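Using the hints, put the two standalone chains together into the complex.
As a plain string of letters, each chain reads:
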Amino acid sequence: MNTLNNYPVAQEQLLYQIMKVEFAVIDTSLYLNTHPDDQVALMNHRALSQRLSLLTDQYERLYGPFTPQGQSRYCWEFVNSPWPWEISYQGGMK
Amino acid sequence: MWVYEKKLEYPVRVTGPDPKLAKTIITQYGGPDGELAASLRYLTQRYAAPINEAKATLTDIGTEELAHMEIVGAIFWKLLQGATKEQIMEAGLDPHYVDHGCNPFYVNGFGDSWDAKYIQTKGDILVDLYEDMAAEQKARITYEHLIQLSDDPLVNDTLKFLREREVVHFQRFGETLRITQEWKERKKFY
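These protein sequence lines map, in sequence, to chains A and B. If you read the first sequence in our numbering, its first letter stands for residue 801, the second for the next number, and so on. If you read the second sequence in our numbering, its first letter stands for residue 150, the second for the next number, and so on.
Okay, chain B solo, but in the shape it has when bound (with noise of 0.2 Å):
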């Protein structure tokens, strides 16, 4: 089971009002590479893992990509408060506007709505675990890519978090596919 917990794993400040930024950073909210497609993949990934280390890795982590969906929806809506009209037209983030609100929703940059199409298990955990390494690896390589976008130095402070923390778990995910290649390797003498 889940428990909400009233906090942001990290802080999320924004300069000001920045719609253009905004429709960019939305894809780590509901894009391919994106938190939410993240944490659900990881979770569904769980029944079929093996050994101990691989179920609360995969919990673990899949948990903590749902905080990191809060802190991308918090910076999405923190970015609209207090924007123009103009802005938020120049921005073409007007359509967003009309169907959503200032709230954030589970689309791409452009648009496009989430697809379990993103995700995949295959019910192997060592085919899923090569699949999770490479989702941190394209989740990390996007969050430089906004970086690299954004002006907003507040902004970068908590993408810069939301990177490392990429990396580390791409680590983890590499050390359960060692510890679960050696399990499976012993299992033969047995």
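Chain A on its own, in the form it takes in the complex (with noise of 0.2 Å):
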């Protein structure tokens, strides 16, 4: 049986603020297919992609990649635990 696993804080709280502000450019970029031409939109996307790619940046410096695109140091770290499915989300979005 496999058990749910806890991020330390730090690690939980990068990813819960990568994890906002993707779902934001999910949003953000799904109206813009449907109003390509919405300056303030256009706008709002573009400063949510920088910080979207800023945070990432920084997650996968210190924890690994979230994709097999990302660069690892010295061992693969694409295949460390826990996975998606297994982190208990204890602290819970914030």
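Read the hints as simulated data drawn from the structure, not as lab findings. Please note that a few of the clues may not be correct.
Simulated pairs of lysine-lysine, DSBU-like, Cα-Cα distance not exceeding 35 Å [said to hold, decoys possible]:
1. B:K204 - B:K271
2. B:K309 - A:K820
3. B:K155 - B:K309
4. B:K266 - B:K156
5. B:K204 - B:K155
6. B:K169 - A:K820
7. B:K309 - B:K266
8. B:K333 - B:K287
9. A:K820 - B:K204
10. A:K820 - B:K287
11. A:K820 - B:K156
12. A:K820 - B:K155
13. B:K204 - B:K333
14. B:K155 - B:K169
15. B:K155 - B:K287
16. B:K271 - B:K309
17. B:K234 - B:K309
18. B:K156 - B:K309
In this text, all values refer to a predicted model and were calculated from it rather than measured experimentally.
Structure, rendered in structure tokens:
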């Protein structure tokens, strides 16, 4: 039987931040698909997308890559536990 | 192409083991109005889409539905962690356990396997978009039924997120329908 894991608090908080910003990027990009000329939405999407890149870089430097395209240091960190469905998310979305 | 991102679109938390709830939720994994059906429906409707807004919307919503399938699968799996033999038997999940263990499978709440007959593409964007808007409504009400049946506030938090996305997708498909209709009207005057 597998058990659920907790991330260290700092890692979990950074992950939540990324999940929040990434969701905003998903939502604004979906909106822009049907409103490609909406300048306010474009501006929001650009800012969110930049923030997502920064946070993702920061996370991946500390804890390993989110995708197989990311870089690892001494060993191939993409395989590391826990995987998304194994995290207990005890901290909740703050 | 697709690239896996090692994170969920929204966190999945459960209060404790609940095979009975898991058995109802599995329909949003592999049932008629579930996330697998949604994703496969939209992704295969893209080829005959005449305008770029429709191609982008079908691609991106089809992709997001895969992320939702992952979320529903995680809810199912987590609800079975620590479940007792008695709980699994009582929930009627014993046949599922025999065939699939605690892994989610592409079945509805009755255990019937996923069927391509759940979905359709007619190769006509307007017809397909009407089906897609109906599909989002059916998925929305399915989540509402699940939320009514569930006593787990943590599971409901995730189900509410998924329900809300169905509303947003319905909206986006409606806009795509309008844009496509306007495009067809304009074409007549060339």
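Handout entry: Given pair status - K309 of chain B, K155 of chain B, alpha carbons within 35 Å
Key = holds (22 Å)
Problem - Proposed proximity, K820 of chain A with K169 of chain B (alpha carbon, max 35 Å) - result: holds (31 Å)
Exercise for the section: Decide if the proposed pair is consistent with the structure: K820 of chain A and K204 of chain B, CA atoms, cutoff 35 Å inclusive. Expected result: holds (26 Å)
Handout entry: Agreement of K309 of chain B and K266 of chain B with the hint, judged by alpha carbon distance not exceeding 35 Å
Key = holds (28 Å)
Practice task
Would you check the hint for K271 of chain B and K309 of chain B, treating anything up to 35 Å between C-alpha atoms as holding?
Solution key: holds (31 Å)
Exercise for the section: For the pair we were handed, K234 of chain B and K309 of chain B, check the Cα-Cα distance against 35 Å. Expected result: holds (30 Å)
Handout entry: Pair hint K820 of chain A and K156 of chain B, alpha-carbon separation not exceeding 35 Å
Key = Holds, because 12 Å separates the two Cα atoms, which is no more than 35 Å.
Handout entry: Restraint check for K155 of chain B with K287 of chain B, where alpha carbons must lie at most 35 Å apart
Key = Between K155 of chain B and K287 of chain B the Cα gap is close to 29 Å, so the pair holds against 35 Å.
Practice task
For the pair we were handed, K204 of chain B and K271 of chain B, check the Cα-Cα distance against 35 Å.
Solution key: holds (15 Å)
Exercise for the section: Assess, step by step, whether the Cα of K309 of chain B is no farther than 35 Å from the Cα of K820 of chain A, and give holds or violated. Expected result: holds (16 Å)
Exercise for the section: Could you grab the alpha-carbon distance between K820 of chain A and K287 of chain B and see if it respects the 35 Å cut-off? Expected result: holds (27 Å)
Handout entry: Satisfaction of hint between K155 of chain B and K820 of chain A, Cα-Cα up to 35 Å
Key = holds (15 Å)
Figure legend: structure checked against the earlier numbered hints; every hint is met.
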